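With the hints as constraints, model all of the structure from the sequences given.
There are 2 protein chains.
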Amino acid sequence: MENFTYYSPTKFVFGKETENEAGKLVKEFGGSKVLIHYGGGSVVRSGLLDRVRASLNTEGVPFVELGGVKPNPRSGLVYEGIDLCRKEGVDFVLAVGGGSTIDSAKAIAAGVVYDGDFWDFYQGKWIEAALGVGTILTIAAAGSEGSPDSVITKEEGMFKRGASGDAIRPKFSILNPALTQTLPPHQTAAGITDIMAHLYERYITNSREVEVTDRLIEGLLLTMVHEGPRVIADPDNYEARANIMWAGTMAHNHSCGVGRSQDWLSHMIEHEFSALYDVAHGAGLAVTMPAVFTFEMEHNVMRFAQVAVRVWGCQMDFEHPEVTAKAGIEALRNFLISIGMPSNFKELGAREEDIPQLVDTLCNGDGRDGTISGFLTLNEEDCTKIYKMMI
Amino acid sequence: MENFTYYSPTKFVFGKETENEAGKLVKEFGGSKVLIHYGGGSVVRSGLLDRVRASLNTEGVPFVELGGVKPNPRSGLVYEGIDLCRKEGVDFVLAVGGGSTIDSAKAIAAGVVYDGDFWDFYQGKWIEAALGVGTILTIAAAGSEGSPDSVITKEEGMFKRGASGDAIRPKFSILNPALTQTLPPHQTAAGITDIMAHLYERYITNSREVEVTDRLIEGLLLTMVHEGPRVIADPDNYEARANIMWAGTMAHNHSCGVGRSQDWLSHMIEHEFSALYDVAHGAGLAVTMPAVFTFEMEHNVMRFAQVAVRVWGCQMDFEHPEVTAKAGIEALRNFLISIGMPSNFKELGAREEDIPQLVDTLCNGDGRDGTISGFLTLNEEDCTKIYKMMI
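Residue numbers (our numbering), protein chains in the order written: chain A, 1196 to 1586; chain B, 1196 to 1586.
No lab work stands behind these hints, which were simulated from the structure alone.
Nothing here was measured: the structure is a model prediction, and the numbers come from that model.
Glycine residues also receive a C-beta, built at the ideal position from the N, C-alpha and C atoms.
Please note that the accuracy of each hint is not assured.
As the list claims (entries may be wrong) - For lysine-lysine, the following PhoX-like pairs were computed, each having C-alpha atoms within a straight-line distance of at most 20 Å:
#, chain 1, residue 1, chain 2, residue 2
1, B, K1366, A, K1206
2, A, K1222, A, K1206
3, B, K1206, A, K1206
4, A, K1366, B, K1206
5, A, K1219, A, K1206
6, B, K1583, B, K1521
7, B, K1366, A, K1366
Claimed, not checked - Just a sample of chain B residues kept apart from chain A, beta carbon distances all over 12 Å, derived:
#, residue
8, V1256
9, G1284
10, V1518
Quick look at the structure:
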């Protein structure tokens, strides 16, 4: 196991009707004037926004509002939010929504107290200070409710970049599983896939002797395998939603990823789909993961055999461990199909003739040197093979 | 799953030589003058105390010292520590040792800033304020490095009582598995047992639909089953020590116990052994758990069958689930014996003729009404049966 630091100071308030504690929590963490930041549609229609307003009013906390966050949140709205917060003397940003809304709120919180252009943070500058951020989560997927990270897309050039810093970790996150019950099945399934990808990216490691984190990751994957189909069959199943929601937070607050190298090649390879075709991140991952894992498998057959046996219940073929390893990848693919995720290029709306462009942006964009690195280092030829495996 | 709040803001710094970061961490969390609090013997002999002093000196942080913490830490030393801190203007308490030292440090930290008698907190008063506490852990067992709790024994009457409050949660905890390599085998095994007990006490629940925390607990138990024998066979195995150490922290920082009722009957029943015979807490738990679980089993056979199958690899007897449930308890007992733990009254140094006294203190002491409650409510007759099962 490698040396590590684990720091997850967010206060998680979990369960039914917990959104009504928003006002109290803002005050507990020193907020005296709030920006409520959200997307649109469902948050308004469901009455959630009204309950949040009421909770702030009850505590006598004044607020302003900024809606309109889109998936793959944009820099334009961040600039708008920063201006609004400065003009109104806001000192706390409350995100009501999913990962995109939370990431946008984090960017605003960091930008308000920074003299320069907030985009500096998304070009590599560590975030040292920010307004307090709180979240009310409506989608179990991205894990941003417990992370120090934010991803924003800059409109000029459509660059999608990440920034980090403990300063933007949410002070509190309200997790009410009932709020996710209205999600359409496709979005629920994409969230499940995203959570499982966060787990696999940590599981696929070159570190040795990491039994405790292996076991924690396997436990969370087993939870997703058990609860995923239950929630797809019955979207109103609060208990299944609750188990998935806590698994989603634990999958990404680093408690199960500490002390080990990680992969993240599937995320990098998927990223090009999101950028070129605007597909849902989870759907892209569903197509990407089985191909990437099949390519990676030979590098450490026993690792893939282990997850096959421990998570997917495959019989270990002691004479041919690669048979077991493959069976595990096949089980993952079949599981993702069973919850309604796509399994190939066509279903994703991707085109074979775009592969050279996908590979070029992947390996040479972002200042890369013709390769990408994680569990393995892949060159353009490798990446071409992997994309072709998805056709 | 039940509503819950999860809050674990401690910064964990894990790995080789991390004790050398003590000075920097104290400054990061606002300490300007430190009390180094410790037990004695090994911390001094191993040179650990010298390295901690050097780390504080390097950062220019002045300190005073108070050693002498004993297992089942006493109120006398706490009063001494409070006086010393006030006299010397200490604003941060650094515990170097195991759970007893950390609990004593927490009591001092709370007492210094409190006008009344610190014992008030151990009679039920919530701890609202305290000096900052940091820890350098030398025993993987109690989980106090990540908890808001402290247990102290009052010398007049030898009352052992607990106190709690987020104010005494460690600001940081340094976890260097190498520091546990010098522990004698019996103490290592007692620590393993304590960690497993923390997991079982959470696992045994009346809550329904808690798959995610079930799976996390099972993952940590599986880790202990794998790593325990490795570390007993080879005390210098850093990797096994590392996996056990992180499992011990995760077992007790509540991440795997949220949203569910818990048991803690084994702890209550063991407590009387520690009090009457001064046995190691872990050793007492090794004798207590199998008896308690055998008694509890009928209340929910499937729960005990589940842990038997998922953790102990027992075959499920679908026609007679109670056979599987029992096999799991037997597997736990055999595992604890295999790492050198006692399995009955005699090995523990307990006496059959003391049972009436044990039961009376257990059920009627501490202002109790003749019963104790957890997974089940037990009366004196039940408790007598359970103690007799341990003979």
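Evaluated hints:
{"no.": "1", "hint": "B:K1366 / A:K1206", "result": "holds, 15 Å"}
{"no.": "2", "hint": "A:K1222 / A:K1206", "result": "holds, 13 Å"}
{"no.": "3", "hint": "B:K1206 / A:K1206", "result": "holds, 14 Å"}
{"no.": "4", "hint": "A:K1366 / B:K1206", "result": "holds, 15 Å"}
{"no.": "5", "hint": "A:K1219 / A:K1206", "result": "holds, 13 Å"}
{"no.": "6", "hint": "B:K1583 / B:K1521", "result": "holds, 18 Å"}
{"no.": "7", "hint": "B:K1366 / A:K1366", "result": "holds, 16 Å"}
{"no.": "8", "hint": "V1256", "result": "holds, 20 Å"}
{"no.": "9", "hint": "G1284", "result": "holds, 28 Å"}
{"no.": "10", "hint": "V1518", "result": "holds, 22 Å"}
In terms of the numbered hints stated before, the structure departs from none.
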